[in-house]
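Novice: Line by line, the protein sequences give chains A and B. Residue numbering for the first sequence is 253 to 534, as defined by my numbering. Residue numbering for the second sequence is 30 to 357, as defined by my numbering.
There may be inaccurate statements among the hints.
[Stated by the list, open to error] Covered by chain A, per the in silico footprint, the following chain B stretches (three or more residues, Cβ under 8 angstroms):
hint : region
1    : 120 to 133
2    : 211 to 223
3    : 267 to 274
[Unchecked claim] Part of the chain A face toward chain B, derived, beta carbon under 10 angstroms:
hint : residue
4    : A275
5    : L276
6    : I301
7    : F302
8    : A354
9    : L369
10   : F370
11   : A399
12   : T470
13   : P473
14   : V496
15   : V499
16   : R515
[Unchecked claim] Pairs of lysine to aspartate or glutamate residues, derived as DMTMM-like cross-links and limited to a Cα-Cα distance of at most 20 angstroms, are as follows:
hint : chain 1 : residue 1 : chain 2 : residue 2
17   : A       : K285      : B       : E311
18   : B       : K132      : B       : D246
19   : B       : K244      : A       : E375
20   : B       : K90       : A       : E411
21   : B       : K132      : B       : E295
None of these hints come from the bench; they were simulated from the model. Heads up, the beta-carbon is just placed ideally off N, CA and C, and yes, glycines get one too.
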Amino acid sequence: MIGRLGRSWLLAGYAFLYLPIVALIVFSFNESKMVSLWSGFSLRWYYAIFTDDEILSAVGISLKIAFAAASTAVVLGTLAAFAMVRYRRFAGRTAFIAHINAPLVVPEVITGLSLLLFFVACEGLLGGYSLRGLLTVWIGHTSICTAYAAVVIQARLSEVDRSIEEAAMDLGCRPFQVFYLVTLPAISQSLASAWLLTFTISLDDVVTTQFLNAPGSTTLPVLIFSRARLGLDPTVNAVATITVALVGIGVTIASFVLVRRERRREQAQAAAYREAMPVAAQ
Amino acid sequence: MTDHLSIPPASHAATVQFGARSWLALAGRWLVRGWGRKSVIGIPYLFLLLFFSLPFLVVLKISVSETEGVQFKDLFEFADGTLTLRIKLANYQFLASDPLYLKTYISSIRFAAICTVLCLFIGYPFAYFMTRARPTLRPILVMLVSLPFWTSYLLRIYAWKGLLDDQGVVNNFLQWLHLIDEPLKMMYTPFSMTIGMVYTYLPFMILPLYGTLVKADPSLLEAAGNLGATPWKAFWLITVPLSKAGIIAGSMLVFIPTVGEYVIPELLGGPQTLMIARVLWEEFFSNVDWPMASAVAVSMVGLILVPLVLFNHYQSGGGTAAGGGGAR
Numbered sequence: 253m254i255g256r257l258g259r260s261w262l263l264a265g266y267a268f269l270y271l272p273i274v275a276l277i278v279f280s281f282n283e284s285k286m287v288s289l290w291s292g293f294s295l296r297w298y299y300a301i302f303t304d305d306e307i308l309s310a311v312g313i314s315l316k317i318a319f320a321a322a323s324t325a326v327v328l329g330t331l332a333a334f335a336m337v338r339y340r341r342f343a344g345r346t347a348f349i350a351h352i353n354a355p356l357v358v359p360e361v362i363t364g365l366s367l368l369l370f371f372v373a374c375e376g377l378l379g380g381y382s383l384r385g386l387l388t389v390w391i392g393h394t395s396i397c398t399a400y401a402a403v404v405i406q407a408r409l410s411e412v413d414r415s416i417e418e419a420a421m422d423l424g425c426r427p428f429q430v431f432y433l434v435t436l437p438a439i440s441q442s443l444a445s446a447w448l449l450t451f452t453i454s455l456d457d458v459v460t461t462q463f464l465n466a467p468g469s470t471t472l473p474v475l476i477f478s479r480a481r482l483g484l485d486p487t488v489n490a491v492a493t494i495t496v497a498l499v500g501i502g503v504t505i506a507s508f509v510l511v512r513r514e515r516r517r518e519q520a521q522a523a524a525y526r527e528a529m530p531v532a533a534q
Numbered sequence: 030m031t032d033h034l035s036i037p038p039a040s041h042a043a044t045v046q047f048g049a050r051s052w053l054a055l056a057g058r059w060l061v062r063g064w065g066r067k068s069v070i071g072i073p074y075l076f077l078l079l080f081f082s083l084p085f086l087v088v089l090k091i092s093v094s095e096t097e098g099v100q101f102k103d104l105f106e107f108a109d110g111t112l113t114l115r116i117k118l119a120n121y122q123f124l125a126s127d128p129l130y131l132k133t134y135i136s137s138i139r140f141a142a143i144c145t146v147l148c149l150f151i152g153y154p155f156a157y158f159m160t161r162a163r164p165t166l167r168p169i170l171v172m173l174v175s176l177p178f179w180t181s182y183l184l185r186i187y188a189w190k191g192l193l194d195d196q197g198v199v200n201n202f203l204q205w206l207h208l209i210d211e212p213l214k215m216m217y218t219p220f221s222m223t224i225g226m227v228y229t230y231l232p233f234m235i236l237p238l239y240g241t242l243v244k245a246d247p248s249l250l251e252a253a254g255n256l257g258a259t260p261w262k263a264f265w266l267i268t269v270p271l272s273k274a275g276i277i278a279g280s281m282l283v284f285i286p287t288v289g290e291y292v293i294p295e296l297l298g299g300p301q302t303l304m305i306a307r308v309l310w311e312e313f314f315s316n317v318d319w320p321m322a323s324a325v326a327v328s329m330v331g332l333i334l335v336p337l338v339l340f341n342h343y344q345s346g347g348g349t350a351a352g353g354g355g356a357r
């Protein structure tokens, strides 16, 4: 069906998408300081990472910020998704939706610049107390990540069958109970994928972070960016290989767990249906 | 709305038995509901107003305010019973009069447009052939397209540095094949930057295209074939018009981020690759000219708004404002 042209087009396309990543990994094991000239297998750049305090502390800061930003963004994103899906009419709904989506389309240089100038203005009001650092980076990442989380959760929430929630309410559940017992399990998979997505977005962010950070809050991408600007650096390749490996493992495990959980949930649901209405199921 | 409908009407009859307690419960439920609704809308709204819109207003203000040393003067001044509004448009006048800025704007739009066209040219056949693969294979093909998203974007761009460098993999390979004697100058040129942008944003083009193409009914093509259309003609008359929504969405998803891109021009571009985000960055970090950087930021919004408005216009009938981000 696909033909020779189709197959070679796909192959070339995937090669284009994966070649840089493969090259990055291969040359992380290169002995030479010349990144692109192969001179022999070596793990010296990996050793260099683990003795490089700058990188190690940047990794710690990045993980801390990404964890905080992703968690806050998923909470805010869930609320925003609820507002968009469940409340069809409220004052300023169009403006609300525009606000949720704006961070997706506004270039990051603008987001970063405006937040920084805002924080500087706040510092002025606070009498020169310096805000910049982990706190400001966290806020900046959260406002970008919230938009992504809201989009992911909204897509799932609009598919949730409301009649189950109404049934729970008819059976005497309070709104919070309905949320915890019915809605939350139904959207849990999208919450997990929103968290993972926003975690990687935050872990990867350079531009906004560069505007908002202070000397004590240099994240890994900011450090890599400053080294990559100066030229090729084999330690960057080693860092890249480790992240690719971790992301690969993480994505694989996550998709396995989620697929299995989803299947189990569907089976349980089907079993419940069969039990409840043996006739209708047939 | 549905909130009130969901209270079973039977509860009115049951109040006799439950008495005051159930009324209390109902009142409590109503209160909690109103409170819940307000906070569900209010908390994310407040957060984004405070940390997204208000900061932009600060930028707007700084771009038109007069400076006094390092201090920005207030826009409004109240003295002797009169309120004066001071707005300094010098920054915008400078933006409009300096040919460098104008050139940078045009160059940003040009690069973004070239990247969009290239992504469409590579991505359309790619997405089309994906839909022709075996149905069992398709989810894997889709996953393989989206997988690079999960690895660091910065590192993938950095990887191209190693490939395209004068001493890079591509040059070494071509020299090894004796196709070239001297290394080709690829890094820090419009070529390297365009490759980096196409590489980064290609999945944004492929995925929406695939989404619309996979939904197209194959029996329409069969019918066209039966009626005597050549496969090529059937493709142009049926498949392409059916995938119009995907083409528009994909083009938006490539054009909007590339026009304001900073990291790729900075790492892979050279002196000839003028991009507006880089100018903003330089005004802010190198020249420390905050009002000028703010003015550039404000004028950049225009670059984004024009395609967005067009996009929403074409998406009429869809979810209006939600279309901008919902497609992503």
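Novice: Is K132 of chain B within 20 angstroms of E295 of chain B, Cα to Cα?
Specialist: Given that 20 angstroms is the threshold and the Cα spacing comes to 18 angstroms, the pair holds.
Novice: Quick check on L276 of chain A please, does its C-beta sit within 10 angstroms of some C-beta on chain B?
Specialist: This interface hint holds because 4 angstroms falls under the 10 angstroms limit.
Novice: Was the hint right that A275 of chain A lines chain B, CB cutoff 10 angstroms?
Specialist: holds, 6 angstroms
Novice: At a threshold of 10 angstroms, is the proposed contact between P473 of chain A and chain B supported by beta-carbon distances?
Specialist: Constraint on P473 of chain A satisfied, holds at 5 angstroms.
Novice: Minimum Cβ distance from V499 of chain A to chain B below 10 angstroms?
Specialist: holds, 5 angstroms
Novice: When you check the alpha-carbon spacing of K90 of chain B and E411 of chain A, does it fall within 20 angstroms?
Specialist: Between K90 of chain B and E411 of chain A the Cα gap is close to 42 angstroms, so the pair fails against 20 angstroms, i.e. violated.
Novice: For the restraint on A399 of chain A, tell me whether the closest CB of chain B is nearer than 10 angstroms.
Specialist: Status holds, d = 6 angstroms.
Novice: Mind checking, does the region 120 to 133 of chain B have 3 or more residues with a CB under 8 angstroms from chain A?
Specialist: violated (count 0)
Novice: Tell me if T470 of chain A is really an interface residue toward chain B, meaning its C-beta lies closer than 10 angstroms to one of theirs.
Specialist: Given a least distance of 14 angstroms, the restraint on T470 of chain A is violated.
Novice: Are there three or more residues in the region 211 to 223 of chain B whose C-beta lies within less than 8 angstroms of some C-beta in chain A?
Specialist: Violated: only 0 residues of the region 211 to 223 of chain B have a Cβ under 8 angstroms from chain A.
Novice: Holds or violated: is there a CB of chain B closer than 10 angstroms to the CB of F370 of chain A?
Specialist: holds, 3 angstroms
Novice: So, R515 of chain A near chain B? Judge it on the closest CB pair being under 10 angstroms.
Specialist: Check failed: Cβ of R515 of chain A comes no nearer than 15 angstroms to chain B, outside 10 angstroms.
Hints 1, 2, 3, 6, 7, 12, 16, 17, 18, 19, 20 from the earlier list are contradicted by this structure; the remaining hints agree with it.
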